[in-house]
Structures are given as C-alpha cells and as structure tokens.
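Student: For reference, the chains in residue letters:
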Amino acid sequence: MSMHSTAIPATAGSQIHFDKVKRKQRIKNFFKGMLFLLPSIVLFGVFLFYPLVRTIYLSFFLTDAAGNTTVFVNWENYVNLFSSPVFLQSIKSTFLFVLYTVPVTIIIALFLAVIANEKLRGIGLFRTLYSSTMGISVAAASVFWLYLFHPSIGLLNMLLEAAGIDGVGWLTDPAWALIAVSITTIWMNLGFTFLILLGGLQSIDSYLYESADIDGAGYFYKLRRITIPMLSPSLFFVITVTIINAFQTFGQIDILTQGGPVNATNLIVYSIYREAFVNYQFGSASAQAVLLFIIILIMTFLQFKIGERRVHYQ
Amino acid sequence: MTIPITRKIIFYLLLIISSMLVFSPTLMAFVMSFMTNQDIMTGSLPSSLTLDNYVKAFNQFPLLKYLFNSLVVSIVIMLGQLILSSLAAYAFVFLEFKGRDLLFYVFIATMMVPFEASIIPNFHIIRDLGWIDTYPGLTVPFFAMAFGTFLLRQNFKQIPKELREASQIAGMGDFKFYLTVVLPVARTSLVTLGVYGFLTSWNMYLWPLLSTTNDSVRTVQIGLKQLQTQEQLNDWGVIMAGAIIVVIPTLILLFLGQSKLQKGLTEGALK
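Order-wise, the sequence lines are chains A and B. In this text, residue positions in the first sequence follow the numbering used here: the first is 1, and each later residue adds one. In this text, residue positions in the second sequence follow the numbering used here: the first is 1, and each later residue adds one.
One chain only, chain A, in its complex shape:
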C-alpha cells in the first residue's frame, strides 16, 4: 500500500477507480464466502435458530393438539411449572442424575486411560475393549442393562442372591431406579471419555517424565504433579461434554423406566417429550425446553469461567 502511493503519484481519478475496484473485490469476496457458508447457515437457520425462537414464543401460549397457538397466557406456563410437584421432581432428579453420573464417569475413565497408557505388549487390545462402549447405541445398551436389572432372572440379582443378599428392585424401587439408570449411563459414556483422556495422556511430552525420573520421582508423584495438570484441558473438555450429555439423556429412560417409578427417573428431556408428544401440551413443554436451554447455557458459561482459571494449557 505505502509503496504504491509513494511510487506512483496518484491523481484523483485513478484513486476513485482504485477504490471502486477494491470495493467490487470486497463484494465479490463477500459473496464467495457466503456461497461456501450458505448451506450451513440456511440449515442452522431452519433447524436450529428458528426452532429456538419458536420454542420461546410457544412457551407463552396454550396450543391445540396440532401445535397451533390458541391463547396467549403470558408467564403462566412457567408459573405452573414451578408450582408443579411433577416438574420440580423432574428438575431434582435431573440434577441428582448429573451428580451421580459425571464424577464417576470421569474417575473411572481416567483410571482406565492411565493404565491403558502404559507401554505394554497387547495394550492395543485393552484400549479397544475400553473404548468399545462408544460403539454401542443407547437402545442396545439399555436392552443389555434391562436384562441385568431384571428382578428375577437378571444377572445382578442372581449374583446378589448367590452371595446371600436380597435382590433389589432396580427399576421398580423409587430409591434405586435413578441409580440403575445412572449405572447404565456411566457404562455407556466410558468409551468416549476414555478415548479423549487417552488422547490427552498421549500428547503429554515424554521429556517431562524423563526429567522427573532423573530426579527420582515416584509413580504417584508423577501422576499428581505431571499427568493430572497436563491433562487438565482434556479433563475440562470431557467434564463439559459429560454434563451436557447428562442433561440431554433420553433413550435410557425411554427403554428402562419410562420415567417411573413415581417419576423418580423423569429426567427433563423425557419430561419434555411426554408433555409434548404424549399430552400434546406444547406450550408447557416449550417452557420446559426453554429452561433446559438456559440450564445448559449457564453450565457452559460456568465451565468456561472456571476453566479459564483452573486449566493449565501447554
């Protein structure tokens, strides 16, 4: 630019011409960029942003069974939700479920990733087995555990009875059902979480361990002072993903408990599904969906705030 203006004494006319070409180029670039982005933008618009706005809109209305708005009710759907024991139970169950599943998933997956990161013969087989649950769909996993939890012929109660302990009504006892669904979910999540954490471990510079070895550091010292801090970006990522996944749980509930017994496992997405597609209360269901959106937004935001301070980036 500067070379241009010093080398050629620009007359007013050529300056205008130059600007015009530049502007034309800019418009051309803009259209080219939009052309590449258009398919994504259109689909995001139709299947993500518009539905989000529409959900918020619907949450202020009563609707007919086809989903058309009938009466504007202002905040009534929200007020009703917060005075409904069923919905409050659903919120409580959802948070309990997050509390049961997230820490346990991370701890077990971290343990598996640490032992599978050793340079031993045949380690590839173990890695494959640990990541296998990632390839198992929610429907199949739920069917596996539906049998395991079966009150009379299920393997878990058979083992308990063989040990002289009374069997548990895993899916029928309100005190156990959420735990049973949590166990299924933890198992399902292990594969993905393990894979990400193993990837994180493998990207740690081996130089760090070598210099710790020279200093004579022990195994657990290295684990605590090198492995965990260097792994914190991966840990941070899997914690976020596992929390968000927990809030979106649906398939396990649909196959294992259908929200029961006495709504003990009626997690929020299942509650939305039932309100909308079984009871056809689209307004009230939309209000729940808006709350789910806000919860996830807050969670993501908090994660980033905390993550910024705590996470050690290489």
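Certain hints may be false.
Claimed, not checked - Okay, derived cross-link-like pairs now, DSS-like style, lysine-lysine, Cα gap no bigger than 25 Å in a straight line:
| no. | chain 1 | residue 1 | chain 2 | residue 2 |
| --- | --- | --- | --- | --- |
| 1 | A | Lys32 | A | Lys20 |
| 2 | B | Lys98 | A | Lys28 |
| 3 | B | Lys98 | B | Lys161 |
| 4 | B | Lys176 | B | Lys98 |
| 5 | B | Lys260 | B | Lys157 |
| 6 | A | Lys28 | B | Lys161 |
| 7 | A | Lys222 | B | Lys8 |
| 8 | B | Lys176 | B | Lys161 |
| 9 | B | Lys157 | A | Lys28 |
| 10 | A | Lys32 | B | Lys157 |
| 11 | B | Lys176 | A | Lys24 |
| 12 | B | Lys98 | A | Lys32 |
| 13 | A | Lys119 | B | Lys263 |
| 14 | B | Lys157 | B | Lys176 |
| 15 | A | Lys28 | B | Lys176 |
| 16 | B | Lys8 | A | Lys119 |
| 17 | A | Lys222 | B | Lys263 |
| 18 | A | Lys24 | B | Lys161 |
| 19 | B | Lys263 | B | Lys157 |
| 20 | A | Lys22 | B | Lys161 |
| 21 | B | Lys98 | A | Lys24 |
| 22 | B | Lys176 | A | Lys22 |
| 23 | A | Lys32 | B | Lys161 |
| 24 | A | Lys32 | A | Lys22 |
| 25 | A | Lys119 | B | Lys260 |
| 26 | B | Lys157 | B | Lys98 |
| 27 | B | Lys176 | A | Lys32 |
| 28 | B | Lys98 | A | Lys20 |
| 29 | A | Lys22 | B | Lys263 |
| 30 | A | Lys32 | A | Lys119 |
Bear in mind the hints are in silico, worked out from the structure with no lab data behind them. Note that this is a predicted model, so its numbers are computed, not measured.
Please build the complex by placing chain B on the supplied structure of chain A, with the hints as guidance.
Tutor: Okay, now just chain B, sitting in the frame of chain A:
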C-alpha cells in the same frame, strides 16, 4: 526404559480385571443371543448354542428393512456433514470477507443450543414439510455441524496459504482449489469426521422415534425398541440377538478406526 516385572504384573492384572468389567455386558449379550430361552430363564450356563434366536428375530421383525434404513440414513447424514462442514471450514480458513468473524461466533453459538431444546418446532417443521416417514426428515436437520466445521478448520489451517496464492496465479478458482487440493490433503480428518458422523447417526434415538410412524423408513434403533416392547414371551435370547445385530456394524467400524478417531477427536476438541 524397561518396566520392573512386579509393576508389569500389577498393570496386567488391573488391565485384565477392568476390561472384563467393562466388556462383560456386551459379551453377556453376545453369549445370550446364542442361548436357548430355557437356559436363560433358569440362569444356567449355556448347555447348547443355537442360531434360533437370530432366525426368529429376522422372521418376526423386518430387521433387514430396519438395517437398510439405518444404513441409508447414516450414510446420507455422514456425507451431508462432510460436504457442509468442509465448505464452511474452507470459507473460515481461506476466504477473507466482511462478517467472517461474526459468522464464526454464530457457529460457536450453535453448539450451545441442545437439539432437545428445539425439538418441538423441529417436529412441526418436518410435519409441515410432509417429511414424516421420509429419509429427508431423518437426515437433513443434522447436515450443518459446528463441531465438524471446527475440526476441519483446524486441519485446513495447516495447509500453507502460499499454495492457494500459487493456485490463484495459475488461474485456479476457489472451488477447484477446494476440490483438488484441500480435500485430498485433509482426507485423514475427513475420514475421522465421517466415522464419527456415521457412529452418532447410526445410534440416534429420539429423532427417529419422533419422525417415523411406520416401518417404511424406521431405523434399527427404534426397531430394537419395538422388538423389546412387543416380545410378549420375555424371549431374551431373541431380544439380545436383535441388540447384537444393531451393534455389530458400529463395533466393527470403531475397532477399525479407533486410533484415528481418538487422534481426530482430541485435536478437534482441544485446539
């Protein structure tokens, strides 16, 4: 560095015990799918192995149809995601234009909207388009994908900018450069993203449950639910046979692509 023998033994013990625990539900389902119903009901070890459960599952349910539907849906979603993500990633890496950064933030914002939170209007859109019980209804809503765009963007950034300048001087347009240079260079990432897209689409549950009402395009996951709820006699062998058929394709894909998938997902997630 050599590992002391006692430590080696401890690690192998831990590895073997954990892998038995993690893999046992899958292994159990696999064995049960070959057991007679009597053995399952009495809780004994298999006295004989039989293929009857598979024969029954295929005879009583249109499993082949479900499998075919799932295959079509997963492949179409996978291709749609690959095309849209790579186009978008190309724009974010190689093209400079006004509003690009803003659009990038829009893509990030999409990751904060859970599909479940907007499922009600989505269902109505598909219904109004007449897309219930059709392949487009099952696939098109999932084509645009921020995660895939970020993953490919990360990869495209490693392609030297000089390459594009050179191709422009040679008179090669952007689309041709994208097709003939960028895509072949990034094929490892494309495969990773493809495998990931296929796995997640094959395993989708809530959306196919809502947007299919009959067997014409119903996917195998919903078929398995049907099998489980309609199996009156509590015939667990047949149910497990169905479940094994559902997981075999994804398990094979996972076993083949595990190391690539792990590397790709880690890169996309953390940078």
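Student: Going through the earlier hints one by one, which of them does the structure break, listed in rising order?
Tutor: Hints 29, 30 are the ones this structure does not satisfy, whereas the remaining hints hold.
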